[in-house]
Amino acid sequence: MRTAETDLREIKNLMERSSRFISLSGLSGIFAGIYALVGTWLAYRIMENTPGPESFAPLVGLAMAVLVLSLVTAIFLTTRNARKKNQKVWDKLSQRMLLNLGIPLLSGGIFLLILLYREMYSLAAPVMLIFYGLALINGSKYTLNDIRYLGLLEIALGLIAVAYTGYDLLFWGAGFGVLHIIYGALMYWKYER
Amino acid sequence: MKNPIKGLHKEFENRIKLGIMSILMVNDTVDFNEIKDVLEVTDGNLASHASALEKKKMITITKKFIGKKPNTSYAATDKGRQAFTEHLTALEALVKNNP
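Residue numbers (my numbering), protein chains in the order written: chain A, 1 to 193; chain B, 1 to 99.
The shape of chain B in the complex, shown without the other chains:
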């Protein structure tokens, strides 16, 4: 039997990282503030977890100006999508095997 633990990515173990990825899987790009509202986390907390995900090339972070206001938006990379899908499959397998 295949070992389901293998598919788990420790990059997504953290609850906030898991949340960021979940949101980015179903949206093309999402603004910083929208993620903050949905996850109910502080600015600093979100920013640091997001940049950790960026370092692992799971997401891209785009900073630009809309008028005079700075705007940060996030998107999942292909690598990130694939890794998260594996993570999800592994979680599902875990639930199935340990009812």
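Chain A with its partners taken away, still in its complex shape:
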């Protein structure tokens, strides 16, 4: 029988399904975190073995590899998740989420390239964390709201990282590695089990 309660549940469900992309996979957060931690460890090794400007190219390559691997994994797992939830992967909702995530992220990416070009390396890690955090907060309106808090934490870490230069890798690993794993696990536990 239909009651006020089932009506309310249906309304809430429809509002969510028609305005947010809810198939974002928490599992992909866990993987991204693992890649980032492995990347951080490799970066330490590179910096130990080749101190100075020579380490620049391999470090950039490493960061790109972590980014590409994370993206590929996220696309794969989110597509799988969407199929399970009977939601389309490529529709207005996912496009809106990507656009809103993408604007701060692209701004940060360009900002980062300019910093590197001008050899202001010490700001690289905090800039990545802060812009990534802003992107998550902006995108959270169009997907699972939980990533809003992840965004706030990333920004906080980024700001602390500007204050304590010299621990860049540590903060980078904490933000992109540890936080992703914790958050991914929470979201997996909450939505995908």
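Bear in mind the hints are in silico, worked out from the structure with no lab data behind them. Glycine included, C-beta positions come from ideal geometry on N, C-alpha and C.
Chain B side only, calculated, beta carbon under 8 angstroms to chain A, not exhaustive:
1. SER22
2. ILE23
3. LEU94
Could you slot chain B onto chain A? The hints should help.
Using the frame of chain A, we list chain B on its own:
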């Protein structure tokens, strides 16, 4: 005590009408096909419920052509938003008073 039943609008009693309004409350405009996909209803069913809502001035229906393809989109009116908010408040009150 205020009677919560008063806030209920019988225009939204039907499950499909309730669905259309729910979707339009959180989106500015939505295409016919998107609503059809989310609600999983047939063309005719959706169209007739939508036009009933339009008659009550709860939603507006805009028909236009995108290239050569006809496109129908829906949006909630201010009156519709207000009525649906009252409906929601009444439903919530009902749930609260009858646990």
